[in-house]
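Chains as they are written, first to last, in full-length UniProt numbering: chain A, 1 to 453; chain B, 1 to 337.
Treat the hints with care, since some could be wrong.
Facing chain B, according to a computed beta carbon distance under 7 Å, are these residues of chain A, among others [what the hints assert, rightly or not]:
| no. | residue |
| --- | --- |
| 1 | Gln93 |
| 2 | Val96 |
| 3 | Asn118 |
| 4 | Ser216 |
| 5 | Gly218 |
| 6 | Lys265 |
| 7 | Asn269 |
| 8 | Pro270 |
| 9 | Ala274 |
| 10 | Gly275 |
| 11 | Ser279 |
| 12 | Ala281 |
| 13 | Gly418 |
| 14 | Gly423 |
| 15 | Val430 |
| 16 | Ser451 |
Worth flagging that the hints you see were computed from the coordinates, not collected in a lab.
Ideal Cβ placement from N, Cα and C applies to all residues, glycine included.
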Amino acid sequence: MKKLFLMTVAVAALTAGTALAADLKFQPGQDSKFNWKSFDDFKAAHGDLKGETLTIFGPWRGEDEALFTSVLNYFVEATGVNAKYSSSENYEQQIVIDTQAGSPPNVAILPQPGLLANLASKGYLTPLGDDLANWVKTNYGAGDSWVSYGTYKGKDGKEAFYAFPYKADLKSLVWYVPENFEEAGYKVPTTMEDLIKLSDQIVKDGGTPWCIGLGSGGATGWPATDWVEEMMLLMNSPQDYDHWVDNTLKFNDPKVVAAIEEFGKFAKNPKYVAGGVASVASTDFRDSPKGLFTVPPKCYMHKQASFIPSFFPEGTKLGQDVDFFYFPPFASHPELGKPVEGAGTLATITKDSKAARAFIQFLQTPIAQEIWMAQSGFLTPYKAVNTAAYANDTLRKEGEILTTATTFRFDGSDLMPGKIGAGSFWTGMVDFVGGKSAQDSADEIQKTWDSIK
Amino acid sequence: MISQILTAVGAMIFGVAVCAAYFLFSNKLLEIIFPAKEGGDVHRVAVNLRRRGIIRPWLFLGPAVSLLAIYLMYPVVATLILSFYGPDGNQFVGGANYVWAVNDNEFRRSIFNNILWLAVVPAACTFFGLVIAVMTDRIWWGNIAKAVIFMPMAISFVGASVIWKFIYEYRGGTDAQIGLLNAIVQLFGGTPQVWITIPFWNNFFLMIMLIWIQTGFAMVILSAALRGIPEETIEAAVIDGANGWQIFWKIMVPQVWGTIATVWTTITILVLKVFDIVLTMTNGQWDTMVLANLMFNWAFRGFDSGRSAVIALVIMIAVTPIMIWNIRRANAETKGH
C-alpha cells in the first residue's frame with residue numbers, strides 16, 4: 001500500500017515536471033538564437049532552491065504579465081522555486097503600503113527610480129553589491145547612466161547599488177503607418193522643424209497629424225510629462241536636464257516654461273490633435289494610438305514609448321503595418337546632438353532570501369532577456385544578448401539605439417520626488433492642456449516642490 | 001484553495017470557542033470571587049450580587065473596549081503626534097505642517113470641495129429618499145421601484161465608477177458618442193462635453209454617483225419610519241380636509257423627523273470619507289480633489305506622514321461633532337421613551 005502511494009507521488013511529481021516544461025515557450029536547447037548555455041549554467045548553479053517560495057511584485061499587467069510569466073517559467077524550471085507574480089493598477093502606492101505594513105514581496109520591480117530612492121532611504125531595500133554595479137557598468141549600453149539610476153542613499157545615508165535594471169523602454173519614438181505616409185506622399189522628418197512642417201502639411205491636406213491621449217486612470221497626465229521631458233532634452237543641455245530633475249533648475253525657469261509651451265504647440269492646437277484639444281486629457285493613452293489604424297486615418301503620428309505596440313490592434317505587424325521614427329532634434333540646436341529619452345524597470349530586493357538573490361542573478365543571464373525579446377515589447381541595453389533574438393526589425397532597431405547610446409536620460413518625472421513626478425507634474429500638465437498657461441502651471445508645480453524641501 | 005477554506009473555517013470555530021470560553025470562564029471567576037452563598041449571610045450575598053452586577057459588564061465589554069483602544073484610540077494619538085513631525089516622522093517640526101495646510105492651494109481646494117459635497121449629497125439623498133418612500137407606499141408597483149432604487153447600494157463604489165464612466169464617456173472629433181449623457185445632449189441638439197474635466201461642475205457629476213448609490217439607503221430607512229406613523233393621524237388630517245402637500249409636510253415629516261436626522265448624519269459621515277469615487281474617476285484632477293484623496297496622495301505619493309496626518313486629523317475633527325450630536329440625540333430619544 002505504501003509502495004503504491006509512493007509510486008503515485010512519483011508519477012504525480014513527474015507529470016507535474018513535464019507540465020511545467022510544457023509551459024516554456026521555447027524548448028531549451030532547440031533554437032540556436034537563444035543563449036541556452038546561460039540557462040543550463042544557471043540551472044546547474046541553483047538546483048538547491050527547490051521548494052522555496054519567491055514573491056515578485058511588478059508593474060506588468062494583462063499581456064505584459066503573460067510575457068513576464070513566460071520568462072519567469074524558465075526561472076521556475078531551472079530552480080524549482082515556487083514563484084508567484086502579482087501586480088496592481090496602482091502599483092506605486094501598493095508597494096509603499098506593502099513595505100510600510102511589513103509584508104513586502106521578495107522582489108519588487110518598479111519603473112520609478114525616484115520611488116525606489118524613497119524606499120531605499122527608509123531602509124526597505126537590500127543593497128545588491130558593488131560587483132553587480134560594476135557588471136552593469138561594463139555590460140550595459142550607457143552603463144554609467146544605468147548604474148546611477150539604481151544607486152540611492154540608504155537609511156544609513158550611504159550610497160549603494162539597490163536596483164538592477166531589467167527591461168528598458170525607449171521614449172523618443174514617433175509611431176506612424178508607412179502605408180498612410182506613402183499614399184499621402186509624406187516623408188519621415190529628420191529635424192523638429194521638418195516635423196512641424198509635416199504636421200502643417202497634413203492639416204493643409206485635410207488630415208489630422210497627431211493622436212495624443214493623457215488618460216491613465218489615477219495616473220492621468222503622465223504621457224504629457226514625457227513630451228515635456230523630450231522637449232527639455234531637445235532644447236537644453238543634458239546638464240540642464242539633470243538640474244531640472246533635482247530642482248537646481250527651477251520648474252518655473254524660462255527654459256522649462258519654453259519646453260512646456262513647445263509641447264503645447266502640439267497638444268493645444270485644435271488642428272493638430274485628433275478629436276480636438278478637449279479629448280486630449282480624457283482619452284486613455286492605451287486607446288489613443290488606435291487612431292493611426294482607422295480608415296481613413298484619424299491621425300498620422302503618435303509619440304509614445306516602445307511599449308505601446310502592446311496596445312496596437314491585434315495582428316499588427318511591426319515594421320510593416322506600423323513603424324517608428326526617432327523624435328527628431330531641432331536643426332537650430334546642432335550642439336545637442338541626438339539625445340535619447342528612455343525609461344526602464346528596475347528589480348530590487350524588498351525581502352531578502354536566497355531565492356530573491358537567485359532571481360536577480362537570473363535576470364543577468366542573456367536567456368532571461370532573449371525569451372521576452374523574442375516575443376514583443378522588450379528592449380534591453382544589455383550588450384551580450386543576441387540581437388537576432390528580437391522578434392522583428394523594429395525591435396532590433398530600437399534595441400540597437402539603446403546598446404549604442406552614449407547620452408541617455410531617464411524619464412524625468414520618474415526621477416523627481418513622488419509628489420512632483422507622480423503628482424503635481426501630472427496635475428500641472430492636465431491643467432495646462434485644459435487651458436492654464438505654461439507659466440501658471442509651472443509656478444504651481446514649483447510651489448509644491450518648494451513646500452516639500 | 002481547500003486548505004485556505006479549512007483554515008478559515010477552523011479560525012471561525014476557534015474564535016467562537018474562545019469567545020464562549022471567555023464568557024463562561026469570566027462568569028465563573030466572578031461567581032468564585034463573589035459567591036452567592038456566604039454561609040447564610042443574606043446581607044453579604046446581596047452585596048456580592050450587586051458587585052457582580054457592576055463588574056460583569058466591564059468583564060464582558062473588556063475585550064471590545066481594549067480592542068477599540070488599540071485600533072481606534074492609539075491611531076488617533078499616533079496621528080496627532082505624527083502631525084508635528086517631518087515627512088519621515090523623525091524630526092519635530094512643531095506646527096509647520098498645519099501652516100503648510102492653511103497655505104496650500106490644493107488643501108484649500110479640497111476643503112472647499114468637501115464642503116460642496118457635504119452641502120449637496122446628504123440633502124439630496126435624504127430628499128429623494130423621503131419623496132420616493134412616500135410615493136412608493138401609494139402605488140402597486142412601489143415595491144418593484146424600491147427594489148430597483150435600492151439596488152445600487154449593493155454595488156461597490158469602484159464598480160459604480162465603472163458604470164458611470166460609461167455614462168460620462170466622451171469621444172473626440174466625429175466619433176459616435178457612446179456615453180449616455182452625451183447621447184442625450186446630442187439628442188436635444190447640444191454639443192457633447194468632456195463632463196469630468198469641467199472644473200467646478202465635475203464635482204457635481206461625481207456627487208450624482210454617490211447620490212445614486214445612497215438614495216436607496218435613505219429610502220429604506222425612511223420608508224420604515226413612515227410605516228410607523230399611526231394611520232389615525234393621517235385619517236384625521238384627511239377628514240379635516242388637508243391636501244397631500246399639507247399631509248406630507250405637516251403630518252408625515254414632523255413624525256419622522258428623528259429618522260431624517262439619522263439618515264442625514266449617517267450620509268454626512270460617509271461623504272466626509274468619500275475616496276473611491278474620486279480616485280477612480282479623476283484622482284483629484286480637474287479641481288475635484290477631496291480631503292481623503294489628498295491625504296492618500298501625501299501619504300503614498302509624497303511619503304509625507306506629517307502632512308497626511310494633518311489632513312487625517314482635519315477629517316476626524318470634521319466628523320466628530322456630527323457623531324457626538326448623533327449619539328446625544330439617540331440618547332435623548334431613548335430617555336424620552
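Problem set entry | Hint check, failures only | Violated: hints 4, 6, 7 and 8.
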